[in-house]
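Kindly produce the complete structure, drawing on both the sequences and the hints.
Each chain, written out:
Number of protein chains: 2
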Amino acid sequence: MNRVPMEGKVLKENDRIAAELRARFREHGVLCLNLIGSPGAGKTSLLERTLEGFGAGTRVAVLTGDIQTDNDAARLARSGFPVRQITTGGTCHLDARMVERAIADWPLPDLDLLLIENVGNLVCPAGYDLGEAAKIVVLSVAEGEDKPLKYPTIFFKAELVVLNKLDLLPYVPFNLAAARENARCVNPAVEFVEVSCVTGQGLPAWHAWLEKRQAQAAEALAAARG
Amino acid sequence: MNRVPMEGKVLKENDRIAAELRARFREHGVLCLNLIGSPGAGKTSLLERTLEGFGAGTRVAVLTGDIQTDNDAARLARSGFPVRQITTGGTCHLDARMVERAIADWPLPDLDLLLIENVGNLVCPAGYDLGEAAKIVVLSVAEGEDKPLKYPTIFFKAELVVLNKLDLLPYVPFNLAAARENARCVNPAVEFVEVSCVTGQGLPAWHAWLEKRQAQAAEALAAARG
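Line by line, the protein sequences are chains A and B. If you want my numbering, it's the 1-based position in the first sequence plus 1. If you want my numbering, it's the 1-based position in the second sequence plus 1.
Please note: incorrect hints may appear among the correct ones.
[What the hints assert, rightly or not] Pulled from the structure, derived: some chain A residues nowhere near chain B, Cβ distances all over 10 Å: (1) 20; (2) 29; (3) 50; (4) 85; (5) 158.
[As the list claims (entries may be wrong)] Derived BS3-like pairs: lysine-lysine, alpha-carbon spacing no greater than 30 Å straight-line: (6) 213/B x 158/B; (7) 13/B x 13/A; (8) 158/B x 10/B; (9) 158/B x 13/B; (10) 10/A x 13/B; (11) 10/A x 158/A; (12) 158/A x 213/A; (13) 13/A x 10/B; (14) 10/B x 10/A; (15) 158/A x 13/A.
[Claimed, not checked] Just the calculated beta-carbon pair ranges, DEER-fashion: (16) 28/B x 202/A: 52 to 62 Å; (17) 201/A x 58/B: 51 to 61 Å; (18) 10/A x 101/B: 22 to 32 Å.
The hints are simulated quantities; they were obtained by calculation from the structure and are not laboratory data. Bear in mind the structure is a predicted one, so any value in this text is a computation, not a measurement. Yeah, the Cβ is synthetic: ideal placement off N, Cα and C, and Gly gets one too.
As structure tokens, this is what we get:
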């Protein structure tokens, strides 16, 4: 995040819109997840494989953020599910206003799950609440196991770390146990799934996590409604 | 970059300090290079191999930026050359003031080359001039060849793209020709070197580029002095 005097004001306004979005998502029983990772961590590939694993009737939609190009939306739209690109035009993160605009004409009662792919950046997106129920870090094993210590904010705020590109493990100096330890160092409660979007390894565990999280959200909603 | 109203003022102040730094570097014949890349692009490994390739008498120093930890400085200090960590404590990029402070007690007349490793981030560092002679993008082949189109600002501003982790090419869907084409699309004059810090492939070309660039800077300095 830039340490700019106006930042507090901007973040306050973002928090206000995010709180409204969160209330709307809860009201309609939509689980919103905010996927954050470096450029090339494999966020889009993970979403491609995720959508492939869903049945045709799944009530899921995707927002995908990039500074330029709508390549990712084009890739994901092949799934047949609703996908919309947010092109930030230079801004290094998504903010709540961008999400609010992007979903303005989507009927939330028709959705159970909204997956947001943030701009490729392990730093700035951590500071902007999008009204999500949970943040998820996607970390490629090609990036190195030291990243949770170097970029602690996002690992601290995340509920889940998806360790991606497991297929590259034989070729890179990445210690899975050390990566988990480093992430737990900044966030003892963080969960992990380990996947390869190439071989499909671990994708069932990732889908199981999504189902568990949706069930939790549904329970919380039912409890709130008494 | 954040689109914050105060940003213009902050950038103007940054540009002022960067211009002072640039003048000092030129006065003392120091070639300053600003290495920018995603988390895990391999910037520190490239610097490790670069320093290993220098003779003991080489007048080189390194500044390495991270949000947290001084791991990188510890790694690079093994080279025996002067290395200093800049820990930004949350800020997503280095700025000129951080560089000014970090080199305050380094005698510039004793240096020919100052290598700056920016915070791992393909977006925000592109907006902050550090007084460098050139920006260099380090892009790992594990990140995908679409990155120049998705993060055009830094590729537009860079003089050189170091395509890193060539040893992973057999295991990732990365098209070198397409990556070069995409980078030239946003910056027709950009140069390339392709390296593996694991096998050493391409490192002589990278060292040759550094020597060429130092010779150019020395010629420009001599011409300016008449």
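Quick rundown of the hints versus the structure:
no., hint, result
1, 20, "holds, 20 Å"
2, 29, "holds, 30 Å"
3, 50, "holds, 14 Å"
4, 85, "holds, 17 Å"
5, 158, "holds, 13 Å"
6, 213/B x 158/B, "holds, 19 Å"
7, 13/B x 13/A, "holds, 25 Å"
8, 158/B x 10/B, "holds, 21 Å"
9, 158/B x 13/B, "holds, 18 Å"
10, 10/A x 13/B, "holds, 21 Å"
11, 10/A x 158/A, "holds, 21 Å"
12, 158/A x 213/A, "holds, 19 Å"
13, 13/A x 10/B, "holds, 21 Å"
14, 10/B x 10/A, "holds, 17 Å"
15, 158/A x 13/A, "holds, 18 Å"
16, 28/B x 202/A: 52 to 62 Å, "holds, 56 Å"
17, 201/A x 58/B: 51 to 61 Å, "holds, 53 Å"
18, 10/A x 101/B: 22 to 32 Å, "holds, 28 Å"
Every hint from the earlier list agrees with this structure, and none is contradicted.
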